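Visitor: So the chains spell out like this:
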Amino acid sequence: MRFFSTSFFRGLIAQAAGTVLGMGLVMALRVIFGLPLSSPVEADDAHIREIIVVGGVIVGAITFMIGAGVFTDWFKWARGEETSDDHTPDPSKPNWMRYFSVDFDHKVIGVQYGVTSLLLLLFGGIFAMLFRIELSGSGITFLNSEIFKVLLGYDGPHLYNTLMSLHGIVMIAGILLGVGAMSNYLVPMLIGANDMAFPRLNAFAFWINVPGAAILLSSLFFGGFDTGWVGYPPLSLRAPLGMQMFLIGVYLVGLSSIAGSINVIVTTLTMRAKGMSMFRMPIFCWAALATALLQFTATQLIGLSFQLVMLERLLGMTFFDSLKGGDPVLYQHLFWFYSHPAVYVFILPGLGVISELLPVFSRKPLYGTRWVALSSFGIAVVSFFVWAHHMFVSGMSPFLRIPFMYSTLLVAVPTGVKFFSWAATLWQGKIIFKTPMLFALGAVVIFLLGGVTGPPLATIATDLHLHDTWFVVGHFHDTMFGGFIFPFVAAIFYWFPKMTGRMYNEKQGKIQFWLMFIGFMLMSNLQLVLGLLGMRRRVVDFDAALGFDTMQLALTIGGFMVFFGMLLFAYNIIRSWTKGEVAEGNVWDSRSPEWQKPNPMPLHNYEHPFEVVGEPYDYGLPNSRYVNMNPAGESPAAH
Amino acid sequence: MSAVESYATKLVRNRMGLWLFIISDAFVFVGLFVARMVLLGDTRPELDQGLGLAVTIMLLVSSFFMNRAEVEMAHGNRPAFLRNTFITMALGVIFLLGVVGVEWQIAHFGPADGQQGAVFYAMTGFHAFHVLTGVIFLFIVWNNGRRGHYSAEKHWAVEACAIYWHFVDVVWMFFYVGLYLLGTPIV
Ligand code: HEM
Ligand SMILES: [Cu+2]
Numbered sequence: 000m001r002f003f004s005t006s007f008f009r010g011l012i013a014q015a016a017g018t019v020l021g022m023g024l025v026m027a028l029r030v031i032f033g034l035p036l037s038s039p040v041e042a043d044d045a046h047i048r049e050i051i052v053v054g055g056v057i058v059g060a061i062t063f064m065i066g067a068g069v070f071t072d073w074f075k076w077a078r079g080e081e082t083s084d085d086h087t088p089d090p091s092k093p094n095w096m097r098y099f100s101v102d103f104d105h106k107v108i109g110v111q112y113g114v115t116s117l118l119l120l121l122f123g124g125i126f127a128m129l130f131r132i133e134l135s136g137s138g139i140t141f142l143n144s145e146i147f148k149v150l151l152g153y154d155g156p157h158l159y160n161t162l163m164s165l166h167g168i169v170m171i172a173g174i175l176l177g178v179g180a181m182s183n184y185l186v187p188m189l190i191g192a193n194d195m196a197f198p199r200l201n202a203f204a205f206w207i208n209v210p211g212a213a214i215l216l217s218s219l220f221f222g223g224f225d226t227g228w229v230g231y232p233p234l235s236l237r238a239p240l241g242m243q244m245f246l247i248g249v250y251l252v253g254l255s256s257i258a259g260s261i262n263v264i265v266t267t268l269t270m271r272a273k274g275m276s277m278f279r280m281p282i283f284c285w286a287a288l289a290t291a292l293l294q295f296t297a298t299q300l301i302g303l304s305f306q307l308v309m310l311e312r313l314l315g316m317t318f319f320d321s322l323k324g325g326d327p328v329l330y331q332h333l334f335w336f337y338s339h340p341a342v343y344v345f346i347l348p349g350l351g352v353i354s355e356l357l358p359v360f361s362r363k364p365l366y367g368t369r370w371v372a373l374s375s376f377g378i379a380v381v382s383f384f385v386w387a388h389h390m391f392v393s394g395m396s397p398f399l400r401i402p403f404m405y406s407t408l409l410v411a412v413p414t415g416v417k418f419f420s421w422a423a424t425l426w427q428g429k430i431i432f433k434t435p436m437l438f439a440l441g442a443v444v445i446f447l448l449g450g451v452t453g454p455p456l457a458t459i460a461t462d463l464h465l466h467d468t469w470f471v472v473g474h475f476h477d478t479m480f481g482g483f484i485f486p487f488v489a490a491i492f493y494w495f496p497k498m499t500g501r502m503y504n505e506k507q508g509k510i511q512f513w514l515m516f517i518g519f520m521l522m523s524n525l526q527l528v529l530g531l532l533g534m535r536r537r538v539v540d541f542d543a544a545l546g547f548d549t550m551q552l553a554l555t556i557g558g559f560m561v562f563f564g565m566l567l568f569a570y571n572i573i574r575s576w577t578k579g580e581v582a583e584g585n586v587w588d589s590r591s592p593e594w595q596k597p598n599p600m601p602l603h604n605y606e607h608p609f610e611v612v613g614e615p616y617d618y619g620l621p622n623s624r625y626v627n628m629n630p631a632g633e634s635p636a637a638h
Numbered sequence: 000m001s002a003v004e005s006y007a008t009k010l011v012r013n014r015m016g017l018w019l020f021i022i023s024d025a026f027v028f029v030g031l032f033v034a035r036m037v038l039l040g041d042t043r044p045e046l047d048q049g050l051g052l053a054v055t056i057m058l059l060v061s062s063f064f065m066n067r068a069e070v071e072m073a074h075g076n077r078p079a080f081l082r083n084t085f086i087t088m089a090l091g092v093i094f095l096l097g098v099v100g101v102e103w104q105i106a107h108f109g110p111a112d113g114q115q116g117a118v119f120y121a122m123t124g125f126h127a128f129h130v131l132t133g134v135i136f137l138f139i140v141w142n143n144g145r146r147g148h149y150s151a152e153k154h155w156a157v158e159a160c161a162i163y164w165h166f167v168d169v170v171w172m173f174f175y176v177g178l179y180l181l182g183t184p185i186v
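Going down the list, the sequences are from chains A and B.
Each residue of the first sequence is one higher than the one before, counting from 0 in numbering that gives the first Met the number 0.
Each residue of the second sequence is one higher than the one before, counting from 0 in numbering that gives the first Met the number 0.
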């Protein structure tokens, strides 16, 4: 049973042991300081239990990392021991074990991120399907089923709130991991590096997600929480213990973002191949760099705001409780200062993927490459100055509204640059409709919907009506499906041969596309319409007299189509991984250096460094070259 | 074969990585300072001014010794490096004792006492945690230096420790102003 010797398994055992140990530690400390371990008053008792459990969970997360062996090399450094930089895997171990173990190869880490991401998306999807069943008609029926009460100890509206909140945040965690998957797998390969700048930090950044995700999901069994993914106080100060699991879990995933993004920045800035000036760097890497800039700064503030909520709950420190003089709006500022830039973290890499794929499949140069590269930065910079558009009705100072309205509308400019570039790239191209291209095109269409529904929300007058309705829900599903889900699926299909040496199933891929595209269109457009008609978001029920029943049912059907599409996707990649057709060589006739290497990518990427001699996206231009794979000139150079 | 990169190449990356980390970490402190301004405005917690000034001076002086330690190592003078590192560490510990051991005990409010309690304990607590990690870092560097690690050419760990320590020091300069000087005391 080799599985028992993997980092994953050892980490989980260590986490379980550490959690118990940590709880014991907190209890011991309480005894030493003469504090009670229980209380006859129910509220006090729950509070004491919360302190003990939170202590245990935090220790458990740390022991996971120790048990998994993520810290081993760092501990050696601290003791003054040298560690080897040669990360060639142990040949006596089967290959699959690498994926369950601490491994420093960016390709392995990328796949680890990707699979974990898909698992989280699956969980998030299941939560959504559960509450969609409830919402397909008026009245509360399904979520009142006996089974939920038995399994979780709660049901009805609170269960709805918990599922809806968990759906949001688990999806976000899944998206953040998907972003990590793409940047870790692709960035070194595209710029001609053999690994990321800090491989150990990279492994840390991945593995911290595992206890993070486990803790986040466990909130379901700690009474849930009912605040939505935003965790606004004062509600988050009163929610059950599950709230703490949410706060800790998200905090750990945030740590991963920060560590991962520092790696991406240093890698793109210092490890590019010879001849790859900034403007010859592939668009995806530009997008990853801009994303990283957002992640490594803004993430700290959501971390801080969550810690302050934790402290307020645990120690009674009043930051946000207005009853005691705190300021709940402060939380919203801290929260959105991260969470608005975060939405660009979700989409920028995806938009980068679209810009990578369109030229390949329309055999034309990417229109305005430099401007597209810079537009990612434009979006990133502007996104720091728009956060309060989420707070037009929060009671913040009214004079803040106007500047935030204008800054928000400004985002449309760099975003527009990307759209014009895509349209001009496709224009008169010889488009090849393979599955990755279908997803890229679908993404463009869907993201356009997301883009046009943004300005009505940014305009104060209309937002006062639209805020907290399903219109907002429709808006951000458009942006996230167009900016992340569809491009992510496209990227996985496109680079699947690189990862596995095999081809996915094209027919299933196309069925998946149409299932998801039609299902999504049904779903998100109905969300927008229902929102305009006044359907509030985050409520479990609606009045039958509103006449929403039919639309809600259709919406549920659309949602299920998307869900089944993703299941088909999972089936396709799992099956093709071992049984797919062997894919050799440059499957897509791409100019990018990784496709000039065999499939799957060799262990150490590029044994001989290549040299960049031209522009990356000049498809279809005669005599244009991008890379010289063999600058030393040992054998005939690849194109 | 994976190319084993030279020390110089790695140094460039390490420096960049560390500075990025510091910028990132600075956002936490900026956030805390903003929270202080929002919650307390032009008032401040009533604290022991003498003690505040004393610990601040300790930390400032420690940065001087930190700098000496790094320069001595760059000149290959190991004994002086060790001495200065040790003094830095000692001053760091004194700072921690002063804030957590004394100021936290004598303050006439606890963490649960209104906004001033929340702000004061959060700001000093987050900062003290950084001082603590800095002291641990210093200890590791000192301990390894004692056993003959580092040389005039290769002492990235010492440099990193120094940068981190100065950063923690600079943060306190702002926090000192925010907690001890700005506004009128709440009585
Ligand atoms: C043209 C660009 C965009 C504009 C002008 C815009 C504007 C807005 C505004 C004003 C809101 C607040 C609505 C309200 O709560 O009343 C909002 C919400 C939201 N937007 Fe956008 N947006 C844009 C693009 C995006 C993108 C690219 C994403 C990325 C995925 C995104 C994700 C979200 C999310 C998640 C929310 C909802 C947050 C919540 O309240 O739970 N938006 N958008
Ligand atoms: Cu926003």
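Hints are computed from structural coordinates only; laboratory data are not their basis.
Be aware that one or more of the hints could be misleading.
Derived BS3-like pairs (lysine-lysine); straight-line CA-CA distance at most 25 Å [claimed, not checked]:
#1 A/Lys75 / A/Lys273
#2 A/Lys433 / A/Lys506
#3 A/Lys92 / A/Lys75
#4 A/Lys596 / A/Lys433
#5 A/Lys429 / A/Lys323
#6 A/Lys92 / B/Lys153
#7 B/Lys153 / A/Lys148
#8 B/Lys9 / B/Lys153
#9 A/Lys273 / B/Lys9
Quantities reported herein were computed from a predicted structural model and do not represent experimental measurements.
Visitor: Each hint needs a verdict: does it hold in this structure or not?
Guide: For each hint, the structure was consulted:
Between the alpha carbons of A/Lys75 and A/Lys273 the distance comes to roughly 34 Å, so the proposed pair goes past 25 Å and is violated. A threshold of 25 Å between alpha carbons decides the hint, and for A/Lys433 with A/Lys506 the separation of about 10 Å falls inside it, so the pair holds. Among the hinted pairs, A/Lys92 with A/Lys75 is consistent with the structure: their alpha-carbon atoms are about 24 Å apart, no more than 25 Å. Restraint check for A/Lys596 and A/Lys433: the C-alpha separation of about 22 Å stays at or below 25 Å, so the hint holds.
In summary, the hint linking A/Lys429 to A/Lys323 is not supported, as the alpha carbons are separated by about 65 Å, beyond the 25 Å threshold. Annotation: proposed proximity of A/Lys92 to B/Lys153 is violated, straight-line Cα distance about 36 Å (limit 25 Å). For the hint linking B/Lys153 to A/Lys148, the alpha-carbon distance of about 63 Å lies beyond 25 Å, and the restraint is violated. With a C-alpha separation of about 11 Å, the suggested pair B/Lys9 and B/Lys153 falls inside the 25 Å cut-off, and the hint holds.
Restraint check: the Cα-Cα separation between A/Lys273 and B/Lys9 comes to about 17 Å, which is no more than 25 Å; the hinted pair holds.
This entry does not satisfy hints 1, 5, 6, 7, going by the numbered hints stated previously.
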